[in-house]
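Asker: Residue strings, one per chain:
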Amino acid sequence: MAKQLYNPPSPLETRILSKRFGLEGSETLDVYLANDGYKAFLKAKEMAPEAIIEEVKTSALRGRGGAGFPTGLKWSFVPRTSPKPRVIVVNADESEPGTCKDRLLMEYDPHQMIEGILIASLAVQAHVGYIYIRGEYRYLVEAMDRALEEAYARGYLGKNIAGTGWDFDLYTHTGAGAYECGEETALLDSLEGKRGIPRMKPPFPAVAGAWAMPTLLNNVETFSAIPPIIRDGGAAFAALGTPKNGGTRLVCISGHVNQPGVYELPLGFPMMKAIEEVAGGIPGGKKLKAVVPGGSSCPILRADECDIAMDYDTLAKIGSMLGSGGMVVLDETTDMVGFALRIMRFYAHESCGWCIPCREGTTWMKKILTRFHEGQGRREDIALLGELSKNMLGRTFCALGDAAALPTISIVEKFTEDFETYLARQEVMV
Amino acid sequence: MAELVKLTIDGREIQAEKGALLIEVARQNGIEVPAFCYHEDYSLQAACRMCLVEIEKTPKLQVGCTTPAAEGMVVRTDSDIVRTARKGTLEFLLTNHPLDCPVCDKGGECELQDMVFRYGAGESRFVERKHHVDEKQWSPVVYFDAPRCILCYRCVRACNEGMGVGALGVGNRGAISEIIPNHDDHLECDECGACIDICPVGALTSGSYRYQTRPWEMEHVGTICTHCADGCKTTLGVRNHEIVRGNNRDRSGINDEFLCIKGRYAFDFTKHPERLQSPMLRTEKGYQPISWSKALAIVATKFSTVKLAGGRFGVIGSNHTTNEENFFLAKFARQGLETKNIDHHRTGDLAAFFDALSGKNNVLATTADLYQAKAVLVVGADLSQQHPFLAFQARANVRHHDGHIYAVTTGEVREDQQAVASVRVEKGGELAGVESLRDKLKAEGDLVIVFGDAVQGDVLRKLVAFGDSLGIPVKYVCLVDYSNSRGAFDMGVTPKDGGLSREQMLAAADLDVLWVVGANPLKNAQLASKNAFVVVQDLFMTETAKQADIVLPAASAYEKSGTVTNVCGEVQKLAQAIKVMGPKTDLEVMGLIAKEMGLDLGIWLPEKVFAEIRKSVHGYNMSQGQLAVGPAATMPLNGRVAALPGTIQSSGDTLFTSGSLTRYSGILNSVMEAPGQLYRGKGQ
Amino acid sequence: MTFSPQLEQRFAKMLTRYPEGRTRSAVIPMLIYAQDEVGAITRDVIEEVAKRCKVTPVQVDEVVGYYSMLHRKPQGKFHVQVCTNISCLLVGGEELYEHAKKKLGVGHKETTADGQFSLEEVECMGACSWAPAVEINYDFHHHVTPEKLDQLIDGLRKAH
Ligand SMILES: Cc1cc2nc3c(=O)[nH]c(=O)nc-3n(C[C@H](O)[C@H](O)[C@H](O)COP(=O)(O)O)c2cc1C
Ligand code: SF4
Ligand code: FES
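These protein sequence lines are chains A, B and C, in that order.
With the first letter of the first sequence counted as 1, position 178 gets the number 178 in this note's numbering; the numbers rise by one all the way through.
Here this note's numbering runs 430 ahead of the position in the second sequence, where the first position is 1.
Here this note's numbering runs 1114 ahead of the position in the third sequence, where the first position is 1.
No lab work stands behind these hints, which were simulated from the structure alone.
Warning: the hint list may mix true and false statements.
[Said to hold, decoys possible] Lysine to any residue pairs mimicking SDA-like chemistry, simulated, CA-CA at most 25 Å apart:
id : chain 1 : residue 1 : chain 2 : residue 2
1  : B       : K737      : B       : W722
2  : C       : K1168     : B       : M648
3  : B       : K701      : B       : M648
4  : A       : K45       : A       : Y139
5  : B       : K490      : A       : H127
6  : A       : K84       : A       : L29
7  : A       : K367      : B       : M648
8  : B       : K436      : B       : K448
9  : B       : K487      : A       : L393
10 : A       : K367      : C       : S1182
11 : A       : K43       : A       : E305
12 : A       : K194      : B       : W722
13 : C       : K1216     : A       : T370
[Unchecked claim] Chain A regions said to be covered by chain B (calculated; three or more residues, Cβ under 8 Å):
id : segment
14 : 43-52
15 : 314-322
16 : 343-351
[Claimed, not checked] Quick list of simulated restraints, FRET-style, between CB atoms:
id : chain 1 : residue 1 : chain 2 : residue 2 : range
17 : A       : A316      : B       : R644      : 51 to 57 Å
18 : B       : Q642      : C       : E1122     : 50 to 56 Å
19 : B       : V504      : C       : H1256     : 18 to 24 Å
20 : A       : K390      : C       : K1216     : 46 to 52 Å
21 : A       : G284      : C       : R1271     : 50 to 56 Å
22 : A       : P83       : B       : Q458      : 18 to 24 Å
23 : A       : G155      : C       : K1216     : 50 to 56 Å
The C-beta atom is built at its ideal place from N, Cα and C for all residues, glycine as well.
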C-alpha cells in the first residue's frame, strides 16, 4: 500500500531527495533499487576517495543540520589513513523547533540515506556507522532497524557489500530526550553513554570524535543528498541552487499557513513564494507578521524583511540564518511576548547546564518573560532582556547559548511595540 | 625543549612555551585571569567562562583556560569588553546563589566573594525567585548545599581524577543541575574531603568544621600529619588552643593539594575526653594522679636502682615520636641505662633494605619520584589504603605524564584501574609475579619499586637483584606504617649488637624494667616478666598503659616541634599547633628523668638534639635551613647493615584506621560506623 | 535483575554494537528500553545497567537525571505528551494542553489516580508541519484538536 504522506506535495517542489516519497513500498529495498537505488554507490566504488569528496564539493552541498558547513570540505578533514578506525555518525536527533524533515527521509526512503552513508564510508574509509535517533522517534528506530535488516539480508550492508568487497556495519542508537544532543559533540558524548555535554574543540570530531576515533558526522538530509549528487554529478545538483548553496532542501513550513508541510525546494527559492504559493498563504486573509526562517534558533524576520531568496548567504546577509529548514510563519495576531517566552522556556529546559552564561542566562530570561507575560512587566525589563541576551551571545560553551540569545535579541528589537502593549495594558488595569 | 613563542598580553611582550594555556602564561607573568573551573591539576572544563579574554583578529572572546599561546597573539585580559563579560557572568552566577555569606563557612575564604569584590556585579538586576534546594548530609564528613554550588566541577574531578574514587557526579540538567553522591543519597568513598577543600565556595562543607568558627579567627599552623608514613603537610586551623580544622590551605607541602581523611580530620584525638592529664601511679586503689615531680622522682629512682643492681632493662620506642625523641631515647638506653635492649614496632624490613642497597647511590625514591618516574611497580601492598599519598602521586603521574603503574598484589587494589598490568599472586608469590613482568618493566625508561612487608629478608634482596638485572635506573620505597617509622629506625631504636627485640623483651621472664615510650606493644601480647616495673609514656590509657606501674601523659605530634622522616626518607619539621595543660613532650620527660638520675645526655631541646643527629646519624647532615624550606631527603646507609632479630609486620591499617589512635578519633570512628562504607570489611 | 527474554536478547545485541571495551555506550538505550518494560528507572535498574555496561552506578545516575525521557517514578500506562513549542503554540497547542489537563484531571508530569494516564507538556517533538501534535507513549498524533484528543483518550480508556 502506498504510504500516506503527512502532507500532499506541491507542484512547485523540485523533488530530488523526496522523489520516491509516496511511491508504494518506498521504504523497501526493492522499490529503492527499482528507482535508481545503489547506482551511486556502485559508481562511487569505482572512484577514488578524493574524487568522491571532490564531487561533493562541486555539488556545493552544505550541512542540513543547521550550521550549513560545506559538506565536501568537512569530509576532507577526516584523516582517512589514520591508524585509528574511522566512524560515521548520522545526526538524526532532529530537535530544533520547527523542524520535521529528517523523519520523512527515514520513514519514506531509508535506503537512500543508507546509500549516502555507504558512499561517505568510501570517501573517509570507514567501516562502521551509527544513526543517533532522538528518543521520541521510537517508531523510526524500528523503521530504520527494519531497513537495516533488509539491507543486511540482501547484502547491502555487512561484508562484501553488493559484491564490491567493501565492508560496512551500520546500527541505530536511540537518544532519550535532550535537544542539546543534536549539537554534534554533545551527541558524541551521548553516544558514548554520557550526559550530552558539548566537547571542547579542538580536537574536532573529524580528528577525534566518537570514542576518540576520527568521526564523520552529518545530518540525515545531508547524507540523503549524497546518492543523487554522485549519481547525476555534483554540478547538476549545484545548478539547482544558487552559487555556494547547492541543490534543494526539505523546507518544513509550519505555523499560520493554509497548507503547512514539508516541501523540497531549491536553495534560493523566494521566501514569500514559499509562504503564499507552496504553503497556500496565511489563513483568513491575515497579514504576515514575522517568519522564523530556519528553526527557533534563528533571528526572526519582520514581514518587511521576508522578500528574499532562501539560501544560506542571503539570510546571513540580513543577520539571520537558514538553519535547519524549519520555517515558522506568524500572522499579524501573534503575541510576540508569548512567542519569545515559549522560545526561552525551551532553551532554559534544554540548556545542558554546563556553562554559567547559558545555564543561568536562559533561566533568568525565562523568569523575566514569564513575569512580563503574566502582566507584571517593568519597563526596564525590555532593555534588560536585550542586555542579558548580549551577555550570553558568543560567551557560552556551545551554540545553544547563541541559539537562545539571537532570537530573543531580534524579537525584543524588532517587536518592542508588543512589549509596550503589555505595559500599556497593565497601566490601564491599574 | 619546547618551542617558544612571543605574544603580547595587556601590552606586554611575553615569551611562552608554544601551546601553553593562556591562563597559565598570564599568571606566570603576574597577570590575573579570574577562573572558577580551571584547576591546573585536573582536566579542562571551560565551563565557568570567567577567564574570557580578547584576542586580536578573533571575533569572539576566548576562554583563557583552553586557548593555547601562539606566535604573535595579541591578548587583552583587561579591556572594557572583557570586564563587561566577566561582570555579566558573575551577575548570571549570582542569580541562583543564596548570598548567605554571613552564615557561610566559606565566608572570608570564598573565591566567589573575592571575585565579586574584584570584578563587580555587586548590585543585582535579578528580582525573580531563586531556586531553592535543602542542604544535604552525604556522609559524616561531607555536607552539600546545592544553591551555593557554582558548578565548577572541581569536586567531581578531584574525586575522579585525583582520588580515583569517582564518588561524585552531576545530576539533572540546566539550571537545576546538581552535584550528586555515588549512592543515591549518600557517599561511599574515601571521605578524604578533597572535594571540600577544592570547592571555591561554601557548597561543600565539612562535618567537623562547619559552623565552628570564621576563618579569620583561626591561626594556621603548617605541620606534618601524625598518622601514616607518607608525611603529608597539614595546615591546622587553631582557635583558643583547639584544633578546629586541617587542610591544605597553601598547598606548600610535598603533598600539594592531597590529604586523606586522617590528615584532614583525624586531629580530633587531641581533645578526646580520655586524654591523660597527669601522671598516674598504680596503687591498690587503682591509678592515682600524682604530680610530675613525684612521678619523675619515682621513675628516676627506680631506673637508678635497677641500673646499679645490674638489673635488666627493656626499652620500646615509638614510630610516632620525633627523630629527636627517638635519638634521645636510644642514647638514654645505651648510655644512660647501659642496655642494648631497645626496639620499636618495625613494619618494614629497613635493615635488609639498606643492606641490599649498600654501595649504591641514588636508589631511594622520594615522593616526587613516584610522580615523575616513567613507571611505578607496587609489590605486595594496598597502596591506596595504606599509603594514600604515594598512591595519589602515582595516579597523578599517569594523568600528567602518562606514567605507567604495575601492581603485584594478593588482592584487587585501586591501582588496577590505571595499571598497565596487574598480577594476582598468593602471599609469598610476589617475586614470581614480579618476574612475570620482566619484559614490560625492562622496556620502561626508569622505575620505582614500592613494596610492603611481604617483601623482607631474602625476598627483599632478591627483589633488589631483580631491579639490578633490568638494566634501567631503579629506585625503591620500602613501605613502613607510621609517621616516623623510618626515623625510629634511622635513630637507632633497634636491637643492634645483640640487644633483645621487641618480641624477645616481651617474652623474657627476667626484665626488671620495661620502659615504653609512645607505643602499645601489649595490645595483643602478654608481658612475661610479671615483676617488671613498667613505665609508659602515652596520650591514652592503652592496653600497655593499663599494665604500667606508672603512666606519664605525653604530648602528641601536634603539640610539639621536632622532625619526622617519612616513608621515602624525607625529613620534615613539625610545628607546635597547640599547647596542652598536663602532658609533656616525650623529649622533655626523658630529659627530666635523665636530670633526676644525674645523667649527662645533653640538652633536650629539639634543635640541640638535631644538631647532634646531624653529626652522628648517617644521612641526616642537613641544616635547619634545609628543613625549613621543605623536606630534606636522607641518603641510604652506604655500608653493610647487620640483620636484626625480631619480626617485621605491618599493622595493616586502612584509610580509616591508624593503629591505637583509631579509637580516640571520633571522625575515624564515625566513618567506620556509617553504613555502606566502601572499605567496610575489606580492611585486612 | 532480569528482563523479558526479548529484552535480554536486545540487550545482548546492543552490547556488541560498539567498539571493544565501549559498553558504556549502551547505557542510554538500555535505560530507556528497561524503563519501557519496568515502568520506571528504579534504583535496581540503575545498578543493573551499571553492572551490565561496566560503569559505576553514579555514572548511570548522572545520565538518568539528564535525559528528559527517563523517569524515576512510574508514569501512567499511557503517557500523553502534548507539544506546546512554537509551531504547535501558533495553532492551538497550549489550548490543547489546557484541555488535556482538564480532561485527565492532572497537571504536568502527573498521573491519574487509576494509573492509566499521565500528562506531560513537552518540547518540540518534530511534528511541526502537522501541528498541533501529541505523542502517546511512542505513537504520534497529528493535527490534534480537543475533540480528537477526547476520542483518543476515551478510546484508550475503553480498550483497557
Ligand atoms: C544546540 C544545537 C542543536 C542541534 N541540533 C541538531 C539536530 O537536531 N540535528 C542536526 O542534524 N543538527 C543539529 N545541530 C547541528 C549539529 O551540531 C551539526 O552542525 C550537524 O549535525 C552537522 O551535520 P551537517 O553538516 O550535515 O549539517 C545542532 C546544533 C546545536 C548547537
Ligand atoms: S560543589 Fe563546589 S567544587 Fe563542586 S561543582 Fe559546586 S562549587 Fe564546584
Ligand atoms: S576557567 Fe576558563 S572557563 Fe572556567
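Asker: With reference to the structure, classify each hint as holding or not holding.
Answerer: Structure-based check of all given hints:
1. B:K737 with B:W722: 22 Å, holds
2. C:K1168 with B:M648: 46 Å, violated
3. B:K701 with B:M648: With a Cα-Cα distance of about 17 Å, the restraint between B:K701 and B:M648 holds, given a limit of 25 Å.
4. A:K45 with A:Y139: Cα-Cα ~32 Å, so violated.
5. B:K490 with A:H127: Violated, because 38 Å separates the two Cα atoms, which is more than 25 Å.
6. A:K84 with A:L29: 32 Å, violated
7. A:K367 with B:M648: Roughly 42 Å separates the two Cα atoms, so the pair is violated.
8. B:K436 with B:K448: 9 Å, holds
9. B:K487 with A:L393: Judged against 25 Å, a Cα distance of about 18 Å means the pair holds.
10. A:K367 with C:S1182: 21 Å, holds
11. A:K43 with A:E305: 44 Å, violated
12. A:K194 with B:W722: The given pair, whose Cα atoms are some 65 Å apart, is violated under the 25 Å limit.
13. C:K1216 with A:T370: 22 Å, holds
14. 43-52: Violated: only 0 residues of the segment 43-52 of chain A have a Cβ under 8 Å from chain B.
15. 314-322: violated (count 0)
16. 343-351: That given contact holds, which follows from 4 residues of the segment 343-351 of chain A lying within Cβ reach (below 8 Å) of chain B.
17. A:A316 with B:R644: 51 to 57 Å: The hinted range 51 to 57 Å holds for A:A316 and B:R644, with Cβ atoms some 56 Å apart.
18. B:Q642 with C:E1122: 50 to 56 Å: 54 Å, holds
19. B:V504 with C:H1256: 18 to 24 Å: 55 Å, violated
20. A:K390 with C:K1216: 46 to 52 Å: 41 Å, violated
21. A:G284 with C:R1271: 50 to 56 Å: Taking Cβ atoms as reference, A:G284 and C:R1271 lie about 35 Å apart, which means the hint is violated.
22. A:P83 with B:Q458: 18 to 24 Å: 36 Å, violated
23. A:G155 with C:K1216: 50 to 56 Å: 55 Å, holds
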